[in-house]
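**Student:** Residue strings, one per chain:
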Amino acid sequence: MKKSILVMLCCCYLTLTGCWDRVEMQDLAIITAAAIDRLEDGKTRISVQLFIPRAITSGETGEDPSLGSTFVREATGENLANAISMLQMNVPRKLFWGQCKVFIFGIELAKNGIRKQIDYLIRHPGPRDNSFLYVSEDEAKELLTLVPPLERYSGEALKKLTQEEKGMGSTLRDVDKALMGESESVSIPYIQMLVSKEPTRKLHETIPVIEGMAIFKKEQMIGVLNKKETRGLLWLKDDMKRSTISIKLKDGDGEISMTPTSGKSKFSPEIKEHRWIMNLNITIEGDIVQNETHLDPMDKDVLLKIEKEYETALKERVAQTIEKLQQKFNADVMNFGRRFHQIYPNEWSKVKDRWDEKFPEVEVKIMVTAKVRRHGYIGPPAALPRDEVKE
Amino acid sequence: MIRIRRRPSKKKAKGHFRAAQQNPSHNTLLSKNLEENTQFFSSLYEESSDVVFRSFVVGKKGATIIYIEGLSDTQKLDEQVLETLLDKNEFDETDFLLSIKNRLPISNIKKISTFSTCIDSIANGSPVLLIDGFEEAFSLGLVKFEKRSIEEPQAEGSIRGPREGFTESLGVNTSLLRRIIKDPALKMKTVHVGKYTKTKVVISYIKGLVDKTLIEEIENRLNRIQIDGVLESGYIEQFIEDNPYSPFPQLLYTERPDVVCANLLEGRAVLMIDGTPFSLVAPVSFFSLFQSQEDYYERFWMGTFVRTLRFLFLAVSLFLPSVYVAITTFHQEMVPTDLLLSLASSREGVPFPAIVEAIMMEIAFEALREAGIRLPKQVGSAVSIVGALVIGQAAVQAGIVSAPMIIIVSITGIASFMVPRYSIGLAIRMLRFPIIILAGFLGLVGVMLALILIIIHLSTLRSFGTPYLGPISTQQKNWMQDTFIRSPLWKMNTRPRLTGEYNAVRQGANLKPGPNKSGE
Amino acid sequence: MLEKGKISTLQMEFMIIPAIIATGVLSIPSISGKYARHDMWMTPIVGSIIGFITVYIVWKLHQLFPKLTPFQYSEKILGKVVGRIFSLFLIFFFLHDTGIVIRQYSDFITSNVMRETPSVVFSISITFVSALAVRGGIEVIARSAVICTTIFLCVSLVLLLLIKDVEVSYMLPILEDGLLPVMKGALVHTAWFSEFFLLAFIYPFINTRGKGLKSGMKASLYVMLLLLYFHLFVLTILEVSAVNQLYPVHSIIRSISVFGFFENFEIIITASWVLGNFIKVSVFLYVANLGIAQLFGLSNYQITVFPLSLLLVLLSYWDIPNIVGLVDFLTKIQPFYFILVQTVFPLFLLIIAFARRKRSESR
Amino acid sequence: MLVNWNTIFVVQVLIWLIVLFEWKRLKNAPKADKITFVTILILSALLSFFQLDNLPGPMTFLDYIFGPLGKIME
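Chains as they are written, first to last, in my numbering: chain A, 1 to 391; chain B, 392 to 911; chain C, 912 to 1274; chain D, 1275 to 1348.
Derived from the structure by calculation, the hints contain no laboratory data.
Don't take every hint at face value.
Stated by the list, open to error - Label-pair ranges, simulated between beta-carbon atoms:
{"#": "1", "chain 1": "A", "residue 1": "Glu347", "chain 2": "D", "residue 2": "Lys1345", "range": "49 to 59 angstroms"}
{"#": "2", "chain 1": "C", "residue 1": "Gly916", "chain 2": "B", "residue 2": "Val896", "range": "20 to 30 angstroms"}
{"#": "3", "chain 1": "A", "residue 1": "His204", "chain 2": "B", "residue 2": "Gly783", "range": "36 to 46 angstroms"}
{"#": "4", "chain 1": "C", "residue 1": "Leu1132", "chain 2": "B", "residue 2": "Val896", "range": "50 to 60 angstroms"}
These numbers come from a predicted model, not from an experiment.
For every residue, glycine included, the Cβ atom is placed at its ideal position computed from N, Cα and C.
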């Protein structure tokens, strides 16, 4: 009897003290993406894309589909923390960061430095370390208002685009790690609005797409790699799954395109007589996907020629990117610094403080081995009379 | 060492009870005078129209047969007893009783001399023959009463396995056991329990396999029981279990002779109670309550798979609603994005907090289940249809309950029926509610605390001296062979260790069948 | 004898492993990473030496006094007065240590799972359940440990899902700054490894004689391997940024993602750590409680469990103003303090006991 | 020194709960048991009267003893 009274008392104690962390799902404002901008007066503006829960189930309510299932709220403050606390005042429900996997920085903010924002995002327990960061070409907020025709909200579209090509995305942790590490540089996808040419769709019914890579050095954005150079960068990051490469043969009258099926980049740093050399070995295997020429890839010699040509093409492309990163940006996005550090810790400790000066001087030797594995369903070029095929 | 908790018995109450039971006239010997004896019995059985007194004269001496209508075989009584006794043949006067005994064509005939044994004999259906001038009477074993025929057990069905089930009469049940285990080592000890019902309780065990102290302990505990009557094995169970406050059953009940025999062969003791088809098995462990007999009849892969499934669904039925409450109210980030969005949409507009919703729906489900069992079959199905419609369809459409909660409740419901033993299923159902409440206050940490509490409770529990969580938590030899997995029969060479490892070897080694062995 | 229960060596291993790594997993990688950086994976290996030494010392002591706990044999070794003072100190040491454990646990939960709930709720709840287990005696702790530890360790296997993100090159360069940082990092481990002293209180209740040393060494090895496992994952995934993380293991678990669908399930892991910490607190509380009962000659040890747990909850807040103070203690003071009490003191006991024995033999 | 009434209240409640819970056992217990039981409870009651976070205690003491050694770790 006494024991049961005790148990009752304990239960009452529990109920009286309440439940501090409890939030019902109806009281959550689920953030699907967030954009951080720097305003002209130096203030920070946070805009969040909030999910409207009833949008999924009630398809029959007759809401305008172009409004989408999200809406955008914003707030400004002296810094990000301030802005977010202001934002909470504009939203009647509790802001829920747990599912926000997309953070977009406005270009102004990126140019001014992102360290303070990164600190907030990593320190705060809400946002997750593996959420993706982006830099927008213009104001970041604009991208949140887009209503994608296929996905439920623009954040999801962006996330899926990035997941397609892993090397492209930069997560919060990657950025933190890279800026902390030897090179102090990082690349973040550079996105802009895709302009759709469909006359029936409204202007905002589109998605943001990745246009290149924003290069950051010591928290500040210093430039952008275009699409082609970004491909090169993906090779350097050991992730190139779907970038098709086209080459032109000397005796051919068109181009041959190949899609890589597997590829590997191997870095081996080397220090020879005070010359810092980075040997880059790329091996690639691929399928021929289009043949504009009259050449028959079934032929051994032709195949050899094609492979050779691929090697030079790829080499050029990668070299171009490295050249730009070394000379123009002087940003060690490929983590050369770390690789030297790992193999040559003593030499590294000498140049550690002036890696900036040393990095452009690093010689990069690129070796490419290309192999064509398959040429699709057909051997010789299609729709070409047999006698016109060159052997 | 076997440690058995003894409940303090209150001396005062016991003494009082004894006093009431000792009716002085009961233990006294029969008198020589038939008149006195009949007088006593008729006053004892006054206002009992079903008790028949038949007086007659045998060899010049008066005699009376007393029996209860319906319990005794009157036809045999007429043909074999009365016809013989009323025959004009002379009985040997020197040893009258012996000559009567010799003359009667009845196999089971006993000499009795006290009133109380007479009463017992009459109550059991054996007519009592009183003869004038003797202090002794005969109990004639002409028991015959209506009993149910052996049927397939309703509560424990099986696809493969014997179709026999116990019935309400003890004699049939013990005979069923004897028919399976023919070794004379199978023992049956009888204890009577209940002041008014005088129910026969048989402790059966296999001598040489069972631990003697266990039998002594069971007898002690049975002898301690002082109640009016025993109507079902549950009465006995509640008086002899180790921890009466625990929600977990510490004895296993079954109405299948094959289950009983399997347990006997593993060195356990079985209590069979007159008047109920359910017999009790002791001691049991938590894991043995998840074994069904069919696990052993099917191939061991199936047995293992089904068992794994059972434990999985044990976890589901215990924790699913509480985990759902914890996740949706505390740890929303755990839900995958798409799922969270649909959950959020379906929760939109639901007026209750998740915890209230969960408790409400679980209670509704339990009510439905209970109603379905108790009502007559025709009405029962109607109840379930109405319940399913109201809860499943209307409540969601009205926006009172969210659809995911319905899914959760139904999965939990199904999961709770996965447990082969009804009694532990009940315990799990009940425990679900406090866990939901804890989850509502502390989220998953609360669920974990609940899990810890359950584990602690199970670790403290003992069933007749054996640890309830054995053999898993006690890490005995071969502890895996018959718990989560069911290893092949030819590999289970040892009996599960119960109290004081007694005769551990079950079968010969190297029994693995194979094509080469038979040819040798 | 106060405790009548007996446990098996396997159960002992199940008890002692979480009793050491439950909080170790939370706090060690961050601190050892701060010192050893790229070489942090070596620190548990170096640190485990103290574990093996402690197990050996404790075993030798146990062989001298097979049925006694240190509270009892310290009296025989050091004499009545000194021995009792030593026991009293030990009791206080364990109480204080348990307080720190509870604090570490509740701080972890409040900062990672339930941010708005006061940490005292978690301290009270874990102490309460542990107290219930302790009241049941060593057998109950052992039995629950078997189940809880199994769950706790099985859940740790989810780290294997991170294998695709592992970047082995983060382990390079090896021994960049020499051995000193590794030693410093290992010193943090030694505090945890010296807790194998707890075995001294469990050995008397083991049912199989003579197997204690082997199983103690085995437990020490397992702990080392487990810590190595956690350290390797932390290092190869977080690299140096592990230094910044307060709870690096939790942080890498946060980034697990299977099929891009099962993500963010760190809470399940955290919840399973509740089980580990429950065993840890139970074992510590049991030892402290047994000590009080043996020192003051109580008739049973159940009666002091609840008062002691209340005291523990209060102790867990005493003089620890914030998490900075706690980490500072774990880094700078705990290694020396723990080794002194749990390894050096028993060593002294052993030496004195041997010396006494020698002397009595020579006479 | 500030007194935290909340802590004191909660600790008092817990103390009485414990006493209530153990009452049966306590009544039949020998004297040593009773004394230890009460002493520990009084100790906790005493502790609850202070602001524990900042009350100098074991940590300060240990810091004083092992502080010099701790410098190695810097």
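**Student:** A separate judgement is required for each hint: does it hold in the structure or not?
**Tutor:** Each hint, compared with the structure:
1. A/Glu347 with D/Lys1345: 49 to 59 angstroms: About 32 angstroms separates the Cβ atoms of A/Glu347 and D/Lys1345, which means 49 to 59 angstroms is violated.
2. C/Gly916 with B/Val896: 20 to 30 angstroms: holds, 28 angstroms
3. A/His204 with B/Gly783: 36 to 46 angstroms: holds, 41 angstroms
4. C/Leu1132 with B/Val896: 50 to 60 angstroms: With a Cβ separation near 35 angstroms, C/Leu1132 and B/Val896 fall outside 50 to 60 angstroms, so the hint is violated.
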